[in-house]
Amino acid sequence: MAVADAAGLPIAAHVESASPHEIKLVEATIDTRFVGKAPERLIGDKAYDSDGLDQRLQSKTGIEMIAPHKGGRKKPPTQDGRKLRRYKRRWKIERLFAWLQNFRRLVVRYEYYAENFLGMVQLGCIIILLRYF
Numbered sequence: 065m066a067v068a069d070a071a072g073l074p075i076a077a078h079v080e081s082a083s084p085h086e087i088k089l090v091e092a093t094i095d096t097r098f099v100g101k102a103p104e105r106l107i108g109d110k111a112y113d114s115d116g117l118d119q120r121l122q123s124k125t126g127i128e129m130i131a132p133h134k135g136g137r138k139k140p141p142t143q144d145g146r147k148l149r150r151y152k153r154r155w156k157i158e159r160l161f162a163w164l165q166n167f168r169r170l171v172v173r174y175e176y177y178a179e180n181f182l183g184m185v186q187l188g189c190i191i192i193l194l195r196y197f
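For the sequence shown, my numbering gives the first residue as 65, with consecutive numbering after it.
Hints were generated in silico from the structure; no laboratory data involved. Glycine residues also receive a C-beta, built at the ideal position from the N, C-alpha and C atoms. Accuracy of the hints is not assured; some may be wrong.
What the hints assert, rightly or not - Taking CB as the label site, the calculated pair distances span: (1) Y176 / T96: 18 to 28 Å; (2) E179 / G135: 35 to 45 Å; (3) R159 / K110: 13 to 23 Å; (4) F181 / T142: 31 to 41 Å; (5) Q186 / R137: 31 to 41 Å; (6) P84 / Y176: 16 to 26 Å; (7) Y176 / R149: 40 to 50 Å; (8) W155 / H85: 15 to 25 Å; (9) G136 / I190: 12 to 22 Å.
As the list claims (entries may be wrong) - Mimicking PhoX-like on lysine-lysine, the simulated pairs with C-alpha atoms at most 25 Å apart in a straight line are: (10) K110 / K147; (11) K156 / K139; (12) K134 / K156; (13) K88 / K152; (14) K138 / K156; (15) K139 / K110; (16) K134 / K88; (17) K138 / K110; (18) K139 / K152; (19) K88 / K156; (20) K110 / K88; (21) K101 / K88; (22) K124 / K147; (23) K88 / K124; (24) K156 / K110; (25) K101 / K134; (26) K147 / K134; (27) K147 / K101; (28) K152 / K110; (29) K139 / K88; (30) K147 / K88; (31) K101 / K156; (32) K110 / K124; (33) K139 / K101; (34) K152 / K101; (35) K101 / K138.
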């Protein structure tokens with residue numbers, strides 16, 4: 065998982081196995097951020113539509129979660145159209161992943177251990193940040 069800022073530059077990166085759902089990895093990813101200040105808002109896709117995640121992020125860190133609701137949602141809606149206008153900028157995180165795909169070592173995971181792969185992801189993020197500044 066990765067978190068990017070408004071310009072698409074990496075803020076945090078986290079590596080985990082494929083079995084846990086993304087909702088369970090959000091807080092761990094934010095805790096491993098490169099910058100000192102946590103973001104004010106997180107924009108995610110429909111997989112992040114969870115009232116529990118919204119409440120945990122708001123109470124612990126003060127982060128507002130913006131994600132469209134799933135199609136079969138039973139509970140009343142919590143997102144309105146004004147907040148969801150920011151959702152159209154979600155392409156910037158996809159651009160970050162495209163930048164990371166320029167590093168061949170990250171495209172195909174050659175590292176056996178997750179710590180080594182995380183180190184390569186962080187090195188890729190450092191290179192992206194150095195190119196920007």
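Hint check results:
no. : hint                    : in the structure
1   : Y176 / T96: 18 to 28 Å  : holds, 21 Å
2   : E179 / G135: 35 to 45 Å : holds, 38 Å
3   : R159 / K110: 13 to 23 Å : holds, 20 Å
4   : F181 / T142: 31 to 41 Å : holds, 35 Å
5   : Q186 / R137: 31 to 41 Å : holds, 36 Å
6   : P84 / Y176: 16 to 26 Å  : holds, 20 Å
7   : Y176 / R149: 40 to 50 Å : holds, 43 Å
8   : W155 / H85: 15 to 25 Å  : holds, 23 Å
9   : G136 / I190: 12 to 22 Å : violated, 41 Å
10  : K110 / K147             : holds, 14 Å
11  : K156 / K139             : violated, 30 Å
12  : K134 / K156             : holds, 22 Å
13  : K88 / K152              : holds, 24 Å
14  : K138 / K156             : violated, 30 Å
15  : K139 / K110             : holds, 15 Å
16  : K134 / K88              : holds, 17 Å
17  : K138 / K110             : holds, 14 Å
18  : K139 / K152             : holds, 24 Å
19  : K88 / K156              : holds, 22 Å
20  : K110 / K88              : holds, 15 Å
21  : K101 / K88              : holds, 21 Å
22  : K124 / K147             : holds, 21 Å
23  : K88 / K124              : holds, 15 Å
24  : K156 / K110             : holds, 16 Å
25  : K101 / K134             : violated, 30 Å
26  : K147 / K134             : holds, 16 Å
27  : K147 / K101             : holds, 22 Å
28  : K152 / K110             : holds, 13 Å
29  : K139 / K88              : holds, 20 Å
30  : K147 / K88              : holds, 23 Å
31  : K101 / K156             : holds, 20 Å
32  : K110 / K124             : holds, 22 Å
33  : K139 / K101             : violated, 32 Å
34  : K152 / K101             : holds, 24 Å
35  : K101 / K138             : violated, 35 Å
Comparing the model with each numbered hint stated earlier shows that hints 9, 11, 14, 25, 33, 35 do not hold.
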